[in-house]
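Visitor: So the protein sequences, as listed, match chains A and B. Each residue of the first sequence is one higher than the one before, starting from 1 at the first, in full-length UniProt numbering. Each residue of the second sequence is one higher than the one before, starting from 1 at the first, in full-length UniProt numbering.
No lab work stands behind these hints, which were simulated from the structure alone. Remember, predicted model here, so these are calculated numbers, not experimental data. Check each hint, because a few of them may be wrong.
[Claimed, not checked] With a Cα cut of at most 20 Å, we get these calculated PhoX-like pairs of lysine-lysine:
1. B:Lys91 x B:Lys233
2. B:Lys277 x A:Lys132
3. A:Lys70 x B:Lys189
[To be verified] Listed next, with one range per pair, are the computed distances between beta-carbon atoms:
4. B:Ala6 x A:Gln122: 42 to 48 Å
5. B:Lys189 x A:Arg116: 24 to 30 Å
6. B:Phe76 x A:Ala133: 29 to 35 Å
7. A:Ser38 x B:Thr192: 31 to 37 Å
Positions of the beta carbon are idealized from the N, C-alpha and C atoms, including for glycine.
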Amino acid sequence: MTEVSLRSLVKRYGKTEALKGISLHVRHGEFVSLLGPSGCGKSTTLKCIAGFEEVSGGQILFDERDISRKLPEDRDIGMVFQSYALFPHMTVAQNLAFGLEMRRVPKVEIAERIARAMDMVQLSAHAERYPKALSGGQQQRVALARALVIEPAILLLDEPLANLDAKLRDEMRGFIRDLQKRVGITTLYVTHDQGEAMTMSDRVVVMFDGQIAQAASPEEIYDHPTSERVARFVGNANILDLAVSPRGDGQLDLVLPGGHLLRVERPACGAGGGMRVMARPEQIALTEPAAGQIGGRVAKRYFSGRHVEYHVETDVGPVVVVAPTTHAVREGEAVGLRFDPQRLWPVPSAEAPAEGRE
Amino acid sequence: MKRLRATFLILPAATLIFLFVVLPYVTVLVMSFRAPADGQPYGEGFSLAGYAQFFNEGYYAWSLPQSLVLGILTTFVCLILGYPVALHIAKASKRWRGLLYGIVLSPLLIGIVIRSYGWTILLGNSGVINSTLRQFGLIERPLPLMYNNFGVVLALAHVFLPFMVLPLLSALQSMDPALGQAARSLGAKPFTIFRRITFPVSMPGVQTGCILVFVLAISSYVTPALVGGMRVKTTTLLVIDALIDQFQWPFGSAMALILAVSAGLIVLIFARLTAMKWN
Numbered sequence: 001m002t003e004v005s006l007r008s009l010v011k012r013y014g015k016t017e018a019l020k021g022i023s024l025h026v027r028h029g030e031f032v033s034l035l036g037p038s039g040c041g042k043s044t045t046l047k048c049i050a051g052f053e054e055v056s057g058g059q060i061l062f063d064e065r066d067i068s069r070k071l072p073e074d075r076d077i078g079m080v081f082q083s084y085a086l087f088p089h090m091t092v093a094q095n096l097a098f099g100l101e102m103r104r105v106p107k108v109e110i111a112e113r114i115a116r117a118m119d120m121v122q123l124s125a126h127a128e129r130y131p132k133a134l135s136g137g138q139q140q141r142v143a144l145a146r147a148l149v150i151e152p153a154i155l156l157l158d159e160p161l162a163n164l165d166a167k168l169r170d171e172m173r174g175f176i177r178d179l180q181k182r183v184g185i186t187t188l189y190v191t192h193d194q195g196e197a198m199t200m201s202d203r204v205v206v207m208f209d210g211q212i213a214q215a216a217s218p219e220e221i222y223d224h225p226t227s228e229r230v231a232r233f234v235g236n237a238n239i240l241d242l243a244v245s246p247r248g249d250g251q252l253d254l255v256l257p258g259g260h261l262l263r264v265e266r267p268a269c270g271a272g273g274g275m276r277v278m279a280r281p282e283q284i285a286l287t288e289p290a291a292g293q294i295g296g297r298v299a300k301r302y303f304s305g306r307h308v309e310y311h312v313e314t315d316v317g318p319v320v321v322v323a324p325t326t327h328a329v330r331e332g333e334a335v336g337l338r339f340d341p342q343r344l345w346p347v348p349s350a351e352a353p354a355e356g357r358e
Numbered sequence: 001m002k003r004l005r006a007t008f009l010i011l012p013a014a015t016l017i018f019l020f021v022v023l024p025y026v027t028v029l030v031m032s033f034r035a036p037a038d039g040q041p042y043g044e045g046f047s048l049a050g051y052a053q054f055f056n057e058g059y060y061a062w063s064l065p066q067s068l069v070l071g072i073l074t075t076f077v078c079l080i081l082g083y084p085v086a087l088h089i090a091k092a093s094k095r096w097r098g099l100l101y102g103i104v105l106s107p108l109l110i111g112i113v114i115r116s117y118g119w120t121i122l123l124g125n126s127g128v129i130n131s132t133l134r135q136f137g138l139i140e141r142p143l144p145l146m147y148n149n150f151g152v153v154l155a156l157a158h159v160f161l162p163f164m165v166l167p168l169l170s171a172l173q174s175m176d177p178a179l180g181q182a183a184r185s186l187g188a189k190p191f192t193i194f195r196r197i198t199f200p201v202s203m204p205g206v207q208t209g210c211i212l213v214f215v216l217a218i219s220s221y222v223t224p225a226l227v228g229g230m231r232v233k234t235t236t237l238l239v240i241d242a243l244i245d246q247f248q249w250p251f252g253s254a255m256a257l258i259l260a261v262s263a264g265l266i267v268l269i270f271a272r273l274t275a276m277k278w279n
């Protein structure tokens, strides 16, 4: 049973602050992703937890024990690297044995545990192969097995899927998640791929500029982002400038250009300051011009097989709508758009320049 | 068509190798079996006299182990001295790396004769080191720093160190830095990481460096001649002696071939022993 707590973690390189006070609690067995653009501090956070970077301030606790001054080799962590970092001069079995030898596990037990670990990642047939002779996906699984065979307190994964091709990446997502659940190990996963973070995690921690922007379940992050920047970074988002007026009962009135009034829940965050409204592309319905709450004209239409993406010019600016392929609207046609008030989400408007969609 | 063009492109190099490597070797091989003669380089017909003389006369025969030991010692010293240097440069920041690189290469900028002569000034019986020690009354007789294996190995190691450091450096630089971190995360202490990960993974560089230095050391002439002062009798010294002073081409050729084959065998054995299945 291991819980990980970060308490106002600070990391400085010279004068630049890479981490500006990260606080996070990870429950036992929880799968938490650190998600953000490059340079946001997610990898630095992981390196601090692993001990490869010394913290400049704050604490790292494993089950209430402060380990932030311990050497990496004494922290009892399993780590998987982006490059896999398999020892090239050792066979798969020798790679797996290394950590156990360091822990002075008896030879007989080493053999047993390696056999079990290789079975777990379905690589028993490759025990005597050298890493070079394995495919990228197989190397990845060896790296996972090597990190898990020592039965560490926590598992750290640093962009482990970044070097795999798209199809294999999708397979490995499920594989890693299933394995993690089976083993029940507390896991921190660093990625810049929001799809990866969403599908695998119990909780996603979105980071920008060395700070945590939001830490919540994938659903919460997607439906109720706490800022415009999070909304744009996770999935596609239409951010609309609408007239927002607060009501006394904890709700907000949104006024659309055509005069339609929408009543939405008011989020806990961002009481003061300007508000904008987030609408996810698949939550907007495409209608006949007359039936819509606002009108517009289809500027671009992209067919992807699974759905169609429409770029619609409206009075509130360009709006992206994702619709089922049964819709047959051509470019240049006039359409109406209907919003579901339940799904609209007000966000505090961003001061900083918005992140590009990924 | 493509293959034809490739063949065409290696033609100049192939011609050069044939003219200046294959042909001379064949000539030396044939010459080594020629009969000896007085007053002229070689006589009529063929004989094994050159080979017989080498192995029968201890004066000559002992030069072979002397040469080989010198080569092995020099290689070993270069490896011991060069590895930490390569490790350090590999870990240095980009700004420092260029400067350190230059320092490592700097011995190559000075001619080998001058460098060897420089060592005789330092190591001689009335050289800088011995006269200084004597002045301070630390020694009464000069220390034997020259005219022995010690002096020659020292000077050779100085000359050939870059040939060890460069392959080591390239092997260490191409090593994934995450390997060390992975080993640490698995519980390994720094020295264990060096012993079980860094050194074995850099083995291709160790192999190349060792073979380069050994081959260069064993075939060196100027440094053993100057620093060894004819008292460290290597086979190369005797080869030159036989060819130029004694004017005995068959004998000289036989000795040259014996040295080349022996060195080749040692390189082969070394390569076998350090073979890497994983590479």
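Visitor: Please go over all the hints and tell whether each is borne out by the structure.
Guide: Against the structure, the hints come out as follows:
| no. | hint | in the structure |
| --- | --- | --- |
| 1 | B:Lys91 x B:Lys233 | violated, 41 Å |
| 2 | B:Lys277 x A:Lys132 | holds, 11 Å |
| 3 | A:Lys70 x B:Lys189 | holds, 13 Å |
| 4 | B:Ala6 x A:Gln122: 42 to 48 Å | holds, 43 Å |
| 5 | B:Lys189 x A:Arg116: 24 to 30 Å | holds, 27 Å |
| 6 | B:Phe76 x A:Ala133: 29 to 35 Å | holds, 34 Å |
| 7 | A:Ser38 x B:Thr192: 31 to 37 Å | holds, 33 Å |
Hint 1 from the earlier list is the only one contradicted by this structure; the remaining hints agree with it.
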